[in-house]
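Colleague: Quick note on numbering: the sequence shown equals residues 1 to 288 in the UniProt record's numbering.
The reader is advised that the hints may include incorrect statements.
[To be verified] Here are the computed lysine-lysine pairs in the DSS-like style, where the Cα-Cα straight-line distance is at most 30 angstroms:
hint: 1; residue 1: Lys239; residue 2: Lys181
hint: 2; residue 1: Lys181; residue 2: Lys202
hint: 3; residue 1: Lys80; residue 2: Lys34
hint: 4; residue 1: Lys243; residue 2: Lys105
hint: 5; residue 1: Lys60; residue 2: Lys85
hint: 6; residue 1: Lys34; residue 2: Lys85
hint: 7; residue 1: Lys181; residue 2: Lys169
hint: 8; residue 1: Lys80; residue 2: Lys105
hint: 9; residue 1: Lys169; residue 2: Lys239
hint: 10; residue 1: Lys243; residue 2: Lys181
hint: 11; residue 1: Lys85; residue 2: Lys278
hint: 12; residue 1: Lys181; residue 2: Lys250
hint: 13; residue 1: Lys278; residue 2: Lys243
hint: 14; residue 1: Lys239; residue 2: Lys105
hint: 15; residue 1: Lys239; residue 2: Lys187
hint: 16; residue 1: Lys202; residue 2: Lys105
hint: 17; residue 1: Lys60; residue 2: Lys175
hint: 18; residue 1: Lys175; residue 2: Lys243
hint: 19; residue 1: Lys187; residue 2: Lys175
hint: 20; residue 1: Lys202; residue 2: Lys243
hint: 21; residue 1: Lys239; residue 2: Lys202
hint: 22; residue 1: Lys169; residue 2: Lys242
hint: 23; residue 1: Lys169; residue 2: Lys243
[Unchecked claim] Restraint ranges, calculated between C-beta atoms of paired labels, are given here:
hint: 24; residue 1: Thr185; residue 2: Lys250; range: 46 to 56 angstroms
hint: 25; residue 1: Lys250; residue 2: Asn87; range: 46 to 56 angstroms
hint: 26; residue 1: Asp217; residue 2: Lys80; range: 28 to 38 angstroms
hint: 27; residue 1: Leu83; residue 2: Lys169; range: 43 to 53 angstroms
hint: 28; residue 1: Asn39; residue 2: Leu86; range: 55 to 65 angstroms
hint: 29; residue 1: Trp214; residue 2: Leu184; range: 21 to 31 angstroms
hint: 30; residue 1: Asp287; residue 2: Lys187; range: 39 to 49 angstroms
What the hints contain is simulated information worked out from the structure, not anything from laboratory work.
Ideal placement from N, C-alpha and C gives every residue a C-beta, glycine not left out.
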Amino acid sequence: MEKRNQKRLDKKMLSHYQLQLLDDEDKRSVFLIKLTPLNSLLFFTFFMILITTLIFLGLKYSPLKEYFTSPTVENQAAYKNQLLKLNERILELENNLEANELYIKSIQAVVSGNIKAEKVDSLVVNKFHLNPDSELFKPSEEDSLFRIQIEKEEMEAMKASKNTVPDAKYFTPVKGFVTGKFDLTEKHLAVDISAGEGDVIKSIADGDVLFSNWTPDAGYTLIIRHANDIISMYKHCAKVYKKQGDMVKKGEAIAQVGNTGELTTGPHLHFELWVQGKAVDPEEYIDF
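Let's have the full structure, built from the sequences with the hints guiding it.
Modeller: See the structure below:
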């Protein structure tokens with residue numbers, strides 16, 4: 001009985017069957033294939049092995065594996081290092097941004113008159129407020145004499161200073177006559193250039209605008225930052241063409257000569273030049 005069933009099964013597995021596709025209109029045979037159950041089983045098995053192999057290779061050697069596999073210890077360490085570097089970079093950018101904001105605020109404070117320019121050594125504002133009456137800040141007699149000597153030497157050096165930027169060639173902001181010279185003793189940290197009202201004022205060099213606004217004392221004012229920590233200031237303008245954050249080119253029109261602000265006696269340009277936080281004589285840098 002068992003042998004008979006086995007023979008019957010073998011016969012069924014080896015029996016031929018036809019898979020045929022017919023044209024619906026004329027009933028012609030379009031596709032014909034002869035199969036046995038054994039061949040069909042073998043073909044299906046081979047097809048499944050092929051598909052499984054392709055999926056395995058795709059997951060192992062293609063970027064898709066990142067979506068289906070958990071990261072290894074090495075990958076986790078690499079990700080952590082990247083996150084640490086990104087965090088350090090973010091902190092560095094935040095510090096630079098904060099310093100830049102303090103720098104701009106200090107310039108604006110000088111321009112608006114909240115801080116007198118002649119009372120500061122630098123345009124950088126200290127963010128920490130310390131009590132000057134503290135015992136820590138009371139100098140000894142030797143310190144006082146030493147400070148007086150240093151201040152005297154600095155004053156003499158500023159009076160005799162020459163161009164500190166080698167071969168710096170700046171564009172003349174406006175053509176006219178110098179009616180007010182740079183004078184530390186008079187606390188006049190600029191040159192006044194008499195010119196016709198409405199004459200075009202031009203940037204002395206490439207840079208970016210730090211300040212562009214109206215102030216009661218100086219009227220319409222522009223402050224531009226240039227390379228090598230150079231700052232140029234243009235005051236008493238009739239009109240300004242640039243706004244804060246704009247980039248300007250050397251010789252580009254930025255404003256018009258005017259007579260705005262309370263501290264003006266006629267149409268002129270009040271021009272200041274700061275080098276590394278120090279006010280300098282513009283005539284040592286520019287031929288007016």
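Colleague: Starting from Lys181, check that the Cα of Lys169 is at most 30 angstroms away, please.
Modeller: holds, 20 angstroms
Colleague: Check the hint pairing Lys239 with Lys187 against an upper bound of 30 angstroms on the C-alpha distance.
Modeller: It holds: about 27 angstroms lies between the C-alpha atoms, which stays within 30 angstroms.
Colleague: Please test the hint of 43 to 53 angstroms on the beta carbon pair from Leu83 and Lys169.
Modeller: Roughly 47 angstroms apart at Cβ, these two residues keep to the hinted range, so it holds.
Colleague: Need the status of pair Lys202, Lys243: alpha-carbon distance at most 30 angstroms?
Modeller: holds, 14 angstroms
Colleague: Lys34 and Lys85 were given as a pair; does the straight-line alpha-carbon distance stay at or below 30 angstroms?
Modeller: Not OK: Lys34 and Lys85 at ~65 angstroms, beyond 30 angstroms, violated.
Colleague: Assess, step by step, whether the Cα of Lys243 is no farther than 30 angstroms from the Cα of Lys181, and give holds or violated.
Modeller: holds, 28 angstroms
Colleague: May I ask you to test the hint 39 to 49 angstroms on the CB atoms belonging to Asp287 and Lys187?
Modeller: Because 25 angstroms falls outside the window, the suggested range is violated.
Colleague: Given the hint that Lys60 pairs with Lys85, test it: the Cα-Cα distance must not exceed 30 angstroms.
Modeller: holds, 29 angstroms
Colleague: Can you tell me whether the CB distance of Lys250 to Asn87 sits inside 46 to 56 angstroms?
Modeller: violated, 39 angstroms
Colleague: Given the hinted pair Lys169 and Lys242, is their Cα-Cα distance within 30 angstroms?
Modeller: holds, 23 angstroms
Colleague: Please work out if Lys80 and Lys105 have their alpha carbons no farther apart than 30 angstroms.
Modeller: Cα-Cα ~37 angstroms, so violated.
Colleague: Holds or violated: Lys181 and Lys202, Cα atoms, limit 30 angstroms.
Modeller: holds, 20 angstroms
The earlier numbered hints that this structure contradicts are 3, 6, 8, 11, 17, 24, 25, 26 and 30.
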